[in-house]
Structure formats: C-alpha cells, structure tokens
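Colleague: Protein chains in written order, with my numbering: chain A, 62 to 363; chain B, 62 to 363; chain C, 62 to 363; chain D, 62 to 363.
Hints may be right or wrong, so weigh each one.
Identical copies look the same in the list; a pair holds intra-copy or inter-copy alike.
With a straight-line cut-off of 30 Å between C-alpha atoms, the simulated DSS-like cross-links for lysine-lysine are [what the hints assert, rightly or not]:
| id | residue 1 | residue 2 |
| --- | --- | --- |
| 1 | Lys115 | Lys288 |
| 2 | Lys241 | Lys288 |
| 3 | Lys241 | Lys115 |
| 4 | Lys63 | Lys115 |
| 5 | Lys63 | Lys241 |
| 6 | Lys288 | Lys63 |
Treat the hints as calculated values from the structure; they're not laboratory data.
Each chain is listed here by its residues.
Number of protein chains: 4
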Amino acid sequence: MKDVHAMVPRHPRLGLHRVGIEGVRKPLLVERSGRVITLTTAFSLAVDLPSDRKGSDLSRNAELLADQIDWPEARPVPSLESVCASIARELLVRHPYATRSEVRGTAEYFLSRGIAPGRESLENFTLLAEGRAHREGSNITVRRLIGAEAVGMTACPCAMETARDRLVQEFPALGAAELKELPIVTHNQRNRTSLTFEVTDDVEVEADRIIDAIEAAQSSPTYAILKRGDEARLVLDAHRHPKFVEDVLRDLLASVPQRFPMLSGDSVVRVRTVSEESIHKYDVVADHETTVGELRSSNAST
Amino acid sequence: MKDVHAMVPRHPRLGLHRVGIEGVRKPLLVERSGRVITLTTAFSLAVDLPSDRKGSDLSRNAELLADQIDWPEARPVPSLESVCASIARELLVRHPYATRSEVRGTAEYFLSRGIAPGRESLENFTLLAEGRAHREGSNITVRRLIGAEAVGMTACPCAMETARDRLVQEFPALGAAELKELPIVTHNQRNRTSLTFEVTDDVEVEADRIIDAIEAAQSSPTYAILKRGDEARLVLDAHRHPKFVEDVLRDLLASVPQRFPMLSGDSVVRVRTVSEESIHKYDVVADHETTVGELRSSNAST
Amino acid sequence: MKDVHAMVPRHPRLGLHRVGIEGVRKPLLVERSGRVITLTTAFSLAVDLPSDRKGSDLSRNAELLADQIDWPEARPVPSLESVCASIARELLVRHPYATRSEVRGTAEYFLSRGIAPGRESLENFTLLAEGRAHREGSNITVRRLIGAEAVGMTACPCAMETARDRLVQEFPALGAAELKELPIVTHNQRNRTSLTFEVTDDVEVEADRIIDAIEAAQSSPTYAILKRGDEARLVLDAHRHPKFVEDVLRDLLASVPQRFPMLSGDSVVRVRTVSEESIHKYDVVADHETTVGELRSSNAST
Amino acid sequence: MKDVHAMVPRHPRLGLHRVGIEGVRKPLLVERSGRVITLTTAFSLAVDLPSDRKGSDLSRNAELLADQIDWPEARPVPSLESVCASIARELLVRHPYATRSEVRGTAEYFLSRGIAPGRESLENFTLLAEGRAHREGSNITVRRLIGAEAVGMTACPCAMETARDRLVQEFPALGAAELKELPIVTHNQRNRTSLTFEVTDDVEVEADRIIDAIEAAQSSPTYAILKRGDEARLVLDAHRHPKFVEDVLRDLLASVPQRFPMLSGDSVVRVRTVSEESIHKYDVVADHETTVGELRSSNAST
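Next comes chain A alone, as it looks inside the complex:
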C-alpha cells in the first residue's frame, strides 16, 4: 500500500510548525488522594513536520490516546497534566521525523464547596493542562503547563464610591460617617479567572490549590446552594472586597509566592480574568504573564 504521507511534498519544501488533531473527547480516570475520579476531557495533539515529508501520520495520535487513556482502566493517571506530558513524550517516539510535540487537555472538574455547613454541593471548575516535548539528538525534554479556571464574583470599587457620594448628598440625615462604614451598592457580576504555571521540572501542583488561590482573589466565590441568609452574607462579603479585574490579577499574582513555594523561579505564570459586566453588554478583561522569580522579587521589595 502506498504511503502517501511519507512522500516528498511537491512544493514548497517547507517544514510546518504544527500538524495534529483537535477536539478528541475522552473519559480520563485520575487518582487523587486515594480516590478515582473521571474527567471528561478534550484533547489536542500535534507535532511539527519536516520539509521533506508530505504528511503527518495522524492515526498514530488517535492510537496513542487510546493506548494511554482508553484501555488501562485499571491504572488511573495521577493528573491531567502528567498524562499530557506523557503523551507529548510518546508522540516524539511514534513520529520519529518530528522534533517538537504539543498536547493540550481541558476538563470540567468538581469540588465540594459550601458557604456554611449543610450547604455543601459540587461546584464546577475547569482544568487546563499542556505537555510540550522537544527532541535534541537522542534527548527529549518536556515542559508541562498546570492550571485551572474558576468562576466567582467581582463587585466594582469605583461605582461603589460614586454611589456613596450620591447617597451622602441624598440622605444628609444619615451622615457621611455611617455611610463610610456601610457596604454601598455597586455593580457586581460573574468573573472567570484562570491561573496557569509552565514548569520544566517534576514539581507537583494540586489543581485544588490553584482554584483556592483564584477564589481568594475574587470579591467572592459563588455557590450553587444559597438559602436566604446565605445570599445576604455572600453579597455583603463581596461588597466588602470590591475589586477591579486589575485588583483580581494583582492579588492573585501577589499570593503566588506564598501559596506555591514548590515552584522554581523560572516557572512561567499566566493569569487572565474576565468580568461579564452587569452594567455593559461587553466584558472587561485583563491578563498578564511573568515568572515566579519576578513575583518573589516584587513581593520582597514591597
């Protein structure tokens, strides 16, 4: 049978950065703290293609996914990022003509959360992971990306202050003193924030720890179950921590050195936050990229 992929391309003799498959859905068994959970995961897998080869053998990508994920059901993987890294490495074995590979996985993830005892439910978050392998001679190095996204709430500090100014004028009897103490109305909204680390070593970072860090940086986490008293508590708490997207990012970045001491200084940190503004039809967004080392220096100098 003619191997069309292995033929020399007609023209031009160009190597291509990435050829692969996207949107492959799989149930992934992960063992965490002695418990096995199933993550419904979307994977993408790609390798580079040298200039003298017409096509990439993409059926190997699907076979590799099946080999590592579908069948060894008795052997759950330790984490989404570890399986991405393992597949990235193995891609370079099965595509001997390639020198770089990239594997991405995203999955919905559930944690028990509750604003008070008896209010617990499973809340949904998103796991973000990548493995990128690079071949130099007979040596293969792998970088991993470990991250998560959490939905919470932001309350705007600016509208709060201008509303306070108006209320001081409107309710002179109340007195500015009391109105300074009072949580004042402002717009609040859903906020989606992600934090990812790109690491070169074997460090383990728990997704739960990443999600905790994000929720602590928002004005408030959100919950599925809120009885009447709980709603007031959450709303008051969020209004006592009003935050711009800029504040969410900075508070999250500032917390990284203390919350993630296991990370080496050259680990790359990426943060992105989106507030789905209640007062506008569009979103407000902020993002930043830095290293753990820079954050440590920055904190030390504060």
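Chains B, C and D: place on chain A using the hints.
Modeller: Just chains B, C and D now, with coordinates in the frame of chain A:
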C-alpha cells in the same frame, strides 16, 4: 440527468415534517424610516416532504434566498419579518409538493442609546423573525413571528431585603427607618430577555418598540459608555427597581396591552428571560406563552 | 426574615409556565451492567408559578440536585433519564404551589467502537433525557424522555449519480456497465442525528441501543482510529450507502418498530438529523415527530 | 468625585500587560471601490497598566469606539484594519499612562461567488484585523494585522489511494490503467483556513485577494447555489485536487510571494487550517508562522 430527489423512497413511505437548510448567512438591506441599514442575518428555510418523494430540492432554497436578498440591492426590504414571510410563501411555490414552509431569521441590530446627552453610542440587540406558510388547496396563508432580545440588568429583591435585615442589626445607630429608604446591596447581573409576537394579519410592529418594552421591564438597561457619575446613577436606579426574573416577565407581559394596541387578540405572545446570576455559576430562567387577548382580560380585571 | 418569594406579586396576577435554573453542571454516577461510570451532566430544572406568588424558591432546586446527585455517591443511579424523572417528581414535593415540573439532562457518553479488531477506542456520543411531572390532586404522573445523539457520516446519492453521468461521458472506454457497479465520488460529511422517545410508562430503553439505531441509519459510523486500509474500507462502505438527510430519518424511523419492541404505541418519537455539508457553508437539516404506533402501522402497510 | 482608577494599588506594585474590553459589537461602514458596505464587527481594545496605577479608565475605550465608529456615518473608513490601527494609536493618546495598546476586530464579510454564470450568490467569509501601537518617548509606532478566513472543502489524498488499491482488486476487469485516471472516492469535508499578515508599514492588502488565495489552496471552494450538474462538477474538481491540511498550508504559503508582491520581507505570515473530518468526530489542524522574506527565499530555491 436522473432526478434522484423526485424518486420514490425505498421505505418507509413516510412524509417528513421539515427538510431544509440552516445557518445561511446573508447581508440584508432593510429600509426603516427612510434610512437603509444592513443586517447580517442567519437564515433557516424548510418545507415538509410528502411520503412519495425521496428528497427535497434544497438548491431551490438557496436560489430563493439569493433571488430575494442578494440581488435586488436597489430594493431594500421593509423588515426582517416581512422578508421571512415572503420567502415562506415563495417556498411553497418553488416546492409544489410541499404544504408547509418555515423560514427563520435572526440578526444583530443596533440602536443609539445613552444614559445622558453626550453619552450616546450604538448598543447591540437581536432581532428574531419567522414566516410560516400553509397551503390549503390553492390558498396560501402565512403567519409571521416578530420579536427581539435585549440585554439589560437585574438586581435581586430577595437578597436586598435579607442584606437590609443584617445591616439593621450591624448598624443599630443608623436606625431601621433610614435603612428602609436606602438602596441596599444585592446581587445584580446581565439579563437577556426576549419578546415575540406570532401574528396572522398584516400588522406592523416596530422592533424598536419591542426593545423599549423589554428594557423598561428589566431593573435597568445597560450602556456602552458610562462615565463615573453615570455608573452610580445606573446602579442606584437598578437597585430602586429590584426584580426577580418572574418580575421581569410579569411586568413585560403587563405592558403589552398598552404598548401594542395594534395587535389582534389572537396574537400569540412568548417571553423568555435569563439572568446570568452573579452569585451562582448557573443561570436563572423563566418563560411564558399566552395571547394578547388573555393579557388584555388579565389587565382589565386587575 | 421576610419571605419575598411568597409575597403576592404587584401586578399582573399572572401564572407563569416555567421558572427555574439552567446550566447546572454535575458529575453523575450511573450503574450500567454492573459497572459504574461518571457522566459530566448539564441539568436544567423548572416548575410553574401560580398567579398569587411573587417568586419560585430556586434554592430548593439546587438543594434537590445536591441531595440526589452530589452526596449519595455510594448509590449510583440506574440512568440519566431515571434521575431526571425522580428529580421532576421531587420538585413538586418541594414546591407545593407548583403543578408541573420539567427536568432536562444532557451528558457526553462514551462507547467502545472499532472498525476492526485492534482498532477499538472510546467514541463520544451525547445522552438526552427529560422528566416531566404533573400534579392532579394528590396524584403525580411523570413522563420521561430518553434519547441520544450520534455523529456519523453521510454521502450524497444525488451528486454521486450526476458525477457518474459525467464520468460515463469522460471515460467512454470504461463502459457504463462498469461505472454502474463502481462506487462513485460524491460529497460526504459529518452528520449529527438524534433519536428520542417520550414515554409514560416504566419502560427501560438502553442508550446503547438508541446509538446503534442511529449509526445504522447513517451512511457510515465514524471512528477515532483508522489505519490506511481502514479509511478505504469506511469510505467505500459509506459510498455504497449514499443517503440524503431524508433517507437517514426514514431509515431510522423504519427501524424503530423492530429495534424497540418494548415501547408502547403511544410513545412519542422525535428524530432530527444535521449534515454539515462539505460543498456548502451551511447545514442541511431534517426533523420529524410521530408515535411508535404510527410507525408500526406504516411498516405493516409497506 | 474620587478617581478610584488613578489611586496607587495596595499591593503588589505590578504593571499589567493588558487591561481592556472585549466583545463590543458595532456596525462599521467601510468604503471599498466606491461602494459603502456595513460590517457587523466584534471589537476588543486593551492597553497596558503601569505599576503605580490601580485601574485603567475603561470608559475611554467605549467612548473612543463611539467617536470613531458610531457617529461619523458620513465618513466610512477605508478598511477594518485601518480603523483598528487608528483606534490603537488614539488609545495611547487617551490613556497617557500606557505604552502599548492592542485592538482586534473580526467581522463577517460577503463576496459574490458562483460556480457558473447565473449561479452567483453572496458567500460569507470572516475578516480578521488588529492594530498594535507602541509608544517610545513621544513617538508612536503601529503594527497592523490584516487577514481573513474562508470555508472551503478538502478531499483526502491518502484514503483515495488506498480506495483505488481496493477497487483495482475488486474490479479486475476495469484495469488499473483506467482506475489511475478516474477520480476515486475518498472522504471530503469542510475546511476552514485563515491567512494573516502582520505588517509594519502602510501597505494595503485587499481582503478579497487574501480570500482568493485561501480558496485556491483548498481542494475546492464551496458555494450556496449548486444545481445538480454543478454539484458533480465541484465534487469531481475537488477529487482532482485531493489535499491534506499540510498541502493546503504549503500551497497557500507557496502562493504568497506571487500573490502579495506589495508586502515587505519582514511581514509576518500566519496560516491555520482546520478540516472537520467526515470520517472522524474530531478535527485535523495545521498551523505555521513565517515571514514573507523566508517564503521568497524558499520559492527561489525550489
């Protein structure tokens, strides 16, 4: 050339309700109050199929769209719903074997809005339209659906009252009297509400009037441009009109008789509202279907 | 604490069809043939609201989901549709003012599939389920909806015949006889088809059986792993079963009586199929609704 | 009124890469070859934020969009990319504390296309544009990104050859010679391909020319209107130009030097192609980034 579509289907001899095309994108020229605007529109077109025919001649649907929309650029249509109705009727002419047809169109639509003079900008809304034709003998009747969706804001009346209770306890000096007057913090969020009318006669209903009705039923409209003082004004206004999704629906339905006197009593009214809750990761939704006649009786009896 | 939801609405005194929550994500444990699997599921839950009540107690919906899904991890449910039915019934208990409830669940689902031994992998499908409860006096009846969607392939029979005509003219040496036997080029594409049953009794219908029926009605199923020889086999097989969307629907409907003998005649059958046409930028769609009883009569009369 | 945005952030004193707004929808009037068209456009606008400033004045972004797009209706802009560049420059004027800005715009775009005379209709494409401004001292430089995406069709060359091998065995009477000439069945599918140029100078590149280049690199363009004979013609043509995603990318890259002589050598070229495989439930993807200069050298050396 063999006409495969006209062949008799192997088995079973079943008529089918709807066969057609979906997601056809077109620029539609509409003339409104002497001004021509362009709506980037998504269309779907379908007819029924009798039991003795293998396939529907779908190329006629695409040709019909081109004939009515692409080429008569010098002749803009009066409205999205009128072109849906006209295409629905013509579908039954071009598919002589069909007895029912259905054409849907949705388009983004822009209106100038501003919270104050000098703050105007074009805000985006969605137009919803349908035409449904039915052939009885040589007679074709057409029903039209005319509607729109608007994004605005809701502020929750329940969390506001429970927060007020907590603040009364926390700030005894303030006095419950003052706190009764004060707009109190609550959760607020994006709200998407749609209102559509299904009519059997030739009545004209302006999309602008539908959008006005929706915005009036939400806690507040939202705006692209809000300077600092404007934000406070919008936020205070929304908190002075706190609404559940149930309130949005009922207030909108209650306004129909007065705002739409041109509609006949048998016109079907459909409303749906979605609040993208800031305190939850999920949405809160309400919908209802009734007739203009029932709403008139209901209002009269209040 | 003031119960704002229980207040009488200002105006109008209108009952509303549906008030509820949408897009609640949960991991659902399902026991099938002695094996427990996890379905990442999206739920929506709603009840009606009487005219004398301002709001629906939505926190009860989230609590109910947690009670039935989050915590009894040791007791997996028998199926997605059974848990939808059970939640629909319980909604009417927890909302004593409501007379109707509706619960929808959709989940990604995986089955092992392979075009040949050694090519097996987990392929993704979608489960569709609903439970709808109705209270009459002290009696609650529940209807269930059981269904699935499968992605496969269609090859167009019409373009195949016209291409054959052209090839006969272009290759006179070949002879029309040979060209009649040969699978001829045509456009082929992804096809998404769903089949659902709405039932009033306690009948069990396996999702796997529904998926089998859909795949048998498409030109071919699709697979994640296809080595070179497999690709040719799948492509030739699909071209030997060329199908319009109309053919997919009819063949699927025709297979229902034999494949689902357990269904009572009044069970409602809904089918929908979408071919993401390779030769157009838009989709071709067909849908139909009938009963199992009508399909049995129709088959009997063929 | 207190300017909360201008306050010094509590901690940490970190500058942020990008703070802005996303998903702002606008109708944009563009004048092309003496004709004014309306593009329904989605914009995002962002600037960086220095370490000593708490927040970015986001209302200026919305005001700037309104100033440049909503009101000067009598003055249509020359192109989507020119308005992105102009807004990017002006963002640095209105945010004097910022040194970098980024404006993205995407819009649906329509061109008349037909497989034959009398079959013309408006086909939809996507325009992609960016403007990125950078301030150094009193000098502002702007880079522009100009691009488009087109949906067409790919037919797989590999499955075609393996199918041919099988047909040779199955139809020995036909003879391998004839079967070598004949277009043979394979899988074909929707393909989305984008081509963008990032340029530093004032060069103009017509979107139509970019779309022409993409369509020429796919196995075939696709059309809304195809009568029976046209379908066969398109299908046969696509099967005479079978292409992997790798072939689409390379053929597109190879055509750049001749089709875009106006581009300077340091212009960055990015290509991405996605085939929504008819035989799989997942997509096949390839992307590459290079410069016009490298493509010219590569072509010269072939």
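Colleague: Which numbered hints does this structure break?
Modeller: Violated hints: none; all satisfied.
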